[in-house]
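Sequence lines, in order, name chains D and P.
Here the first sequence stands for residues 1 to 282, numbered as in this note's numbering.
Here the second sequence stands for residues 283 to 572, numbered as in this note's numbering.
Keep in mind the hints are simulated off the structure, nothing from the lab.
Check each hint, because a few of them may be wrong.
[To be verified] Only pairs whose alpha carbons sit at most 25 Å apart, straight line, appear in this in silico DMTMM-like list of lysine to aspartate or glutamate:
| id | chain 1 | residue 1 | chain 2 | residue 2 |
| --- | --- | --- | --- | --- |
| 1 | P | Lys-531 | P | Asp-562 |
| 2 | D | Lys-88 | D | Asp-68 |
| 3 | D | Lys-197 | P | Asp-336 |
| 4 | D | Lys-28 | D | Asp-137 |
| 5 | P | Lys-358 | D | Glu-61 |
| 6 | D | Lys-275 | D | Glu-205 |
| 7 | P | Lys-367 | D | Glu-149 |
| 8 | D | Lys-197 | P | Glu-501 |
| 9 | P | Lys-367 | D | Asp-68 |
| 10 | P | Lys-531 | P | Glu-501 |
| 11 | P | Lys-433 | D | Asp-180 |
| 12 | D | Lys-197 | P | Asp-380 |
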Amino acid sequence: MILAIASGKGGTGKTTVAVNLARAFAQKLQLLDCDVEEPNSHLFLPAEISGEEAVSILVPEVDESLCDGCGECGHFCAYHAIISTGAKPLVFAEMCHGCGGCMLVCPKKAIREIPRRIGIIEKRKSGEIVLLTGRLDVGQAMAPPLIREVRRRLLPGMPAILDAPPGTSCPVIVSIRGADFILLVTEPTPFGLHDLKIAVDMVRELGIPFGVLVNRAGSGDDRVHGFCREAHVPIMAEVPDDRRIAEAYSRGQLIVEALPEYFELFAGLAEKLLKNSGVDRG
Amino acid sequence: MKELVVISGKGGTGKTSLAASFSVLAERPVIADCDVDAADLHLVLATHIRERHDFTSGHQAIIRQADCRGCGTCLKLCRFEAVQKTTREDDVTTYAIDPVACEGCGVCVRFCPQRAIDFPESLCGEWMVSDTRCGPMVHARLGIAAENSGKLVSIVRREARRIAELENRSSIIVDGPPGIGCPVIASLTGATLVLVVTEPTVSGEHDLERVLALARHFEMPAAVCVNKWDLNPDMTRRIEAMARRAGAKIAGRIRFDRAVTAAQLQERAVVETEAPCVADIQQVWKNINL
Ligand code: SF4
Ligand code: SF4
């Protein structure tokens, strides 16, 4: 079972839900932090890094002695990452998506590909949880290739929770594609509702079963509930607006540990999600 | 012209509420909502849309099934896992492109031996110019699964500048996107000041460090403001010390105040209410001294 935790806007409590749910599952499980621009899951599951791996994408390098300046490469590149003005082309590596097209179209075979580092993947073990964290290098623009690499390390046969980046654009889709169930985390506020609607459109387009978790329930109004009722979106759980939760979170503590009265809430949610995704436990 | 970019690293720190308040406090500003993925500023500034424009960016590969011979070249060449292979019951193999995964690089289009792949332009969203009670606002909506939010952010900023020049307005308030990737880079380069709004949490601290490193990378002056500081005063002090070490100015602290959500429910910026935290926000605005 692959369960993705997503939200239309940031700061709704996606990571909180992911880490507490992971702990409440109380079984062997993988947690993949796909929010590679700002990965946070590891802050709540302290454990030594047991493995680290650099991730690169392939970008072109031009051999000047072979290039005759025909300009095919620059003409082809959809991202203006290689520009040829008659002489040796210039490569703007940070704009390159690594599609390999320029190398394929070059009639002189003057282009080869060299790896360019974009980030790392860290591995940790915290109790039953195997945590994989993608971390984009500062100054790098391209998150999706790193997210794809994190996803590729998913071991089949072991349940997994994916902590997705916020929003509904490309990096989110790369993170949650192929999940069995998506849990959308929202808040009962106008911003929360507005962004939830967009997120619901997104998961409907992907055709993946989903439900909503209302975080900080009681802090706003009931428009999120009304929307869920009308749009036939199941509310899987509600986490109340409790200042003690915010404080435990601020210290990097798991709610299920700092405030044990909330353990049942997350354990119950875990049960429900397993049933919903049609997979037996274990 | 002065351009203030409000970002947060991690989302949900109160960045948009603060940007709305600054829009009220600033004198004749132009407002730019660059959080194109979750554009929420219009919800509190009650906008009247005066212009709408399509945002097209890039292309999208589509296989014409009638012309596909099933050679599988596209599948072999696509590096974005966008080509899907299905074998039908009668053993015929077909290929199709998942529009959501396609990055529009054009490799499959170029190398399909049957020339069976079309490559139309893709509509990736729209951008708008609206009137608000604080001044004109440029905002956008990125289509679902769309790429190139950086380009859309650049358009929003460019339009905001154009309007500011045209109408002789002296400041631009930018509500920036979360993260440190492409859209954030597009929203901060060349601005006057980056204000990072953070929370006194371990996540806030971690993300702030990365955002400040990004600001340094692009040699941008940065200031930091801790929102809800009283949730964890120790962490607030730690964050401020770290921010100073990273070369950022401290713009002030804003207390935890449920009135921020209440103001949002009434479609108002919190500085338009009598809430206790208003004094804090006014102080931050003064300290920024745009
Ligand atoms: S590999 Fe693709 S994206 Fe990169 S420079 Fe070549 S054509 Fe452009
Ligand atoms: S255009 Fe590029 S990304 Fe899209 S399907 Fe073809 S090869 Fe893949």
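We went through each hint and held it up to the structure:
With a CA separation close to 16 Å, the supplied pair P:Lys-531 and P:Asp-562 stays within the 25 Å bound. Between D:Lys-88 and D:Asp-68 the alpha-carbon distance is near 8 Å, which keeps this suggested pair within the 25 Å criterion. Taking the CA atoms of D:Lys-197 and P:Asp-336, the gap is near 21 Å; set against the 25 Å cutoff, the hint holds. Taking the CA atoms of D:Lys-28 and D:Asp-137, the gap is near 30 Å; set against the 25 Å cutoff, the hint is violated.
Using a Cα cut-off of 25 Å, the hinted pair P:Lys-358 and D:Glu-61 holds, with the two alpha carbons roughly 22 Å apart. Among the hinted pairs, D:Lys-275 with D:Glu-205 is consistent with the structure: their alpha-carbon atoms are about 23 Å apart, no more than 25 Å. Between P:Lys-367 and D:Glu-149 the alpha-carbon distance is near 21 Å, which keeps this suggested pair within the 25 Å criterion. Using a Cα cut-off of 25 Å, the hinted pair D:Lys-197 and P:Glu-501 is violated, with the two alpha carbons roughly 37 Å apart.
With a CA separation close to 38 Å, the supplied pair P:Lys-367 and D:Asp-68 exceeds the 25 Å bound. Distance restraint check for P:Lys-531 and P:Glu-501: the Cα-Cα separation of roughly 14 Å lies within the 25 Å cut-off, and the hinted pair is therefore satisfied. Taking the CA atoms of P:Lys-433 and D:Asp-180, the gap is about 32 Å. The hint is violated against a cut of 25 Å. Of the supplied pair hints, the one linking D:Lys-197 and P:Asp-380 holds, its CA atoms being roughly 23 Å apart against a limit of 25 Å.
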